[in-house]
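2 protein chains.
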Amino acid sequence: MKPSDELVAALEEAGSAQERFEIMYDTLRDRISVSDYPPGTRLSEEALAAEFGVSRSPLRKALKILEADGLLQSVQGVGTIVTDVDLDELTQVYQLRMELNELVGRLSPKHPDETTLALFEDIRKRAEALRSAPDMKIFARLNIDFFHVFVRLTDNQPLVEVSERLFYQTCRIWLKMIPMMDLAEEVAIFAGEIAAITDAVRLGDTEAAGHIRRAHLSMGFARLKGHARRHTL
Amino acid sequence: MKPSDELVAALEEAGSAQERFEIMYDTLRDRISVSDYPPGTRLSEEALAAEFGVSRSPLRKALKILEADGLLQSVQGVGTIVTDVDLDELTQVYQLRMELNELVGRLSPKHPDETTLALFEDIRKRAEALRSAPDMKIFARLNIDFFHVFVRLTDNQPLVEVSERLFYQTCRIWLKMIPMMDLAEEVAIFAGEIAAITDAVRLGDTEAAGHIRRAHLSMGFARLKGHARRHTL
DNA sequence: GTCTTTCTTGTTGTGTACAACATCGCATAA
DNA sequence: TTATGCGATGTTGTACACAACAAGAAAGAC
Chain A
2 MKPSDELVAA
12 LEEAGSAQER
22 FEIMYDTLRD
32 RISVSDYPPG
42 TRLSEEALAA
52 EFGVSRSPLR
62 KALKILEADG
72 LLQSVQGVGT
82 IVTDVDLDEL
92 TQVYQLRMEL
102 NELVGRLSPK
112 HPDETTLALF
122 EDIRKRAEAL
132 RSAPDMKIFA
142 RLNIDFFHVF
152 VRLTDNQPLV
162 EVSERLFYQT
172 CRIWLKMIPM
182 MDLAEEVAIF
192 AGEIAAITDA
202 VRLGDTEAAG
212 HIRRAHLSMG
222 FARLKGHARR
232 HTL
Chain B
2 MKPSDELVAA
12 LEEAGSAQER
22 FEIMYDTLRD
32 RISVSDYPPG
42 TRLSEEALAA
52 EFGVSRSPLR
62 KALKILEADG
72 LLQSVQGVGT
82 IVTDVDLDEL
92 TQVYQLRMEL
102 NELVGRLSPK
112 HPDETTLALF
122 EDIRKRAEAL
132 RSAPDMKIFA
142 RLNIDFFHVF
152 VRLTDNQPLV
162 EVSERLFYQT
172 CRIWLKMIPM
182 MDLAEEVAIF
192 AGEIAAITDA
202 VRLGDTEAAG
212 HIRRAHLSMG
222 FARLKGHARR
232 HTL
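Protein sequence lines correspond, in order, to chains A and B. Here the first sequence stands for residues 2 to 234, numbered as in the numbering used here. Here the second sequence stands for residues 2 to 234, numbered as in the numbering used here.
Some hints could be false.
For chains that are exact copies, the list does not tell them apart, and a pair is met inside one copy or across any two.
Stated by the list, open to error - Below, a list of computed lysine to any residue pairs in the SDA-like style, where the Cα atoms sit at most 25 Å apart: (1) K65 <-> T117; (2) K111 <-> Q93; (3) K177 <-> P113; (4) K111 <-> F222; (5) K65 <-> E23; (6) K65 <-> V9.
Hints are computed from structural coordinates only; laboratory data are not their basis. Computed from a prediction, not measured in an experiment: that's the story for all the values here.
Using the sequences and the hints, build the whole thing.
Below is the structure:
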């Protein structure tokens, strides 16, 4: 895909096999999540291996894990295809994500340190900037980054891992649906959510942050469904 | 490990690569979960591949996924080691599992059909039989089978998958701790839990079943912690 | 005797060649 | 024209050879 000299440099510097794996895994997951690889894209193991400067063997490990995550699907004789996201199939995932986000505020809530607080403020600023110049890809990136900051509110590591898994299964739906919706409006709503949660975090009320997040997740999904229904009619 | 002709037969019959993968994955996960491979066991890729009648390549996929599940750890030059389970590290997992089990009764509860009911009754019978002749390995197997029956109470597939993941991360702790505890007593308690949940299910009160399960998970973990503390003193 | 060094052995990680398979284009026959 | 076969091409799946590495044994120096 890209020339991306930094990437191959990082891969060469990496000492252990696990480091190399994580670089490839994170890179591929990110590309899928921001629609550099839209649903249906056919990836070639050989091409990817060449780009990363490795053989197919280590690359395949990353692809297999992403397949287990539900982001890819390998079919012999055809290729490795980026899975599609279907709103109906995602209903259950969203229901579960709602509950888990509430748990983030309730299970082992962590009093936010200075670093975390600074990260929230940074996200808030980026959201405000995005309001002035809405852009789909930047919106997607912000959504991902905000998720990672948000889960810092809990000390429960398994909860973080499970939430991350489900997040990456669903986050692409926005990139698919946004064209049918009002991007500026969604950005404004998202900025509002971030502001509200950041305020709650600054007050040290982690549980409130969880409830706000849950509420916005619920409303966001309702809007998605509404627009989908309106569009198919 | 075993000769196990049925296994290699099933692997040869399997048409697709995914079928072969699932057979190997399930087999290995089961062996780890019932302590055929106790924590610390060093598995050899070559030996396993030979036993399964395949090459290292397809076997490695199963091992890599199990590593991502947290059940194995591969170290170059050393081997593939079955991970240990530590009670303290599992505290967070248990907290999350408690909440998730409650969700099973609350999120998309499914009115149990005849098949499910029969499965519950079967488990209850096996539990009663186990009370007459307590056995650690049968106890472990029953625990696993009961889990799979219990998650039939929800229609939320992502919840089932996440619960399964966490279950297999924790279930081995019983095999590690039981020697320090009273097996007969634990079996009796487990049989009581199963009877109570089966009754709730027969009444169609799925939410109650979830709460009972949550309560027993909590008490079970408390007993584990208590015995661990008593043992280290 | 004890410590150090080197070698042997066994393991996972990686590269590569080939098998199995699906898909598309194209020629050919009806 | 249309249907059919078939072959060329590109893909993932599998097998195998070797590299990289860790650990223990054995031999040698002191």
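Structure-based check of each hint:
1. K65 <-> T117: neither (33 Å within a copy, 33 Å between copies)
2. K111 <-> Q93: between (28 Å within a copy, 13 Å between copies)
3. K177 <-> P113: neither (34 Å within a copy, 36 Å between copies)
4. K111 <-> F222: between (27 Å within a copy, 23 Å between copies)
5. K65 <-> E23: both (13 Å within a copy, 13 Å between copies)
6. K65 <-> V9: Both ways: K65 and V9 sit 21 Å apart in one copy and 23 Å across, limit 25 Å.
Of the hints listed earlier, those the structure fails to meet are numbers 1 and 3, in rising order.
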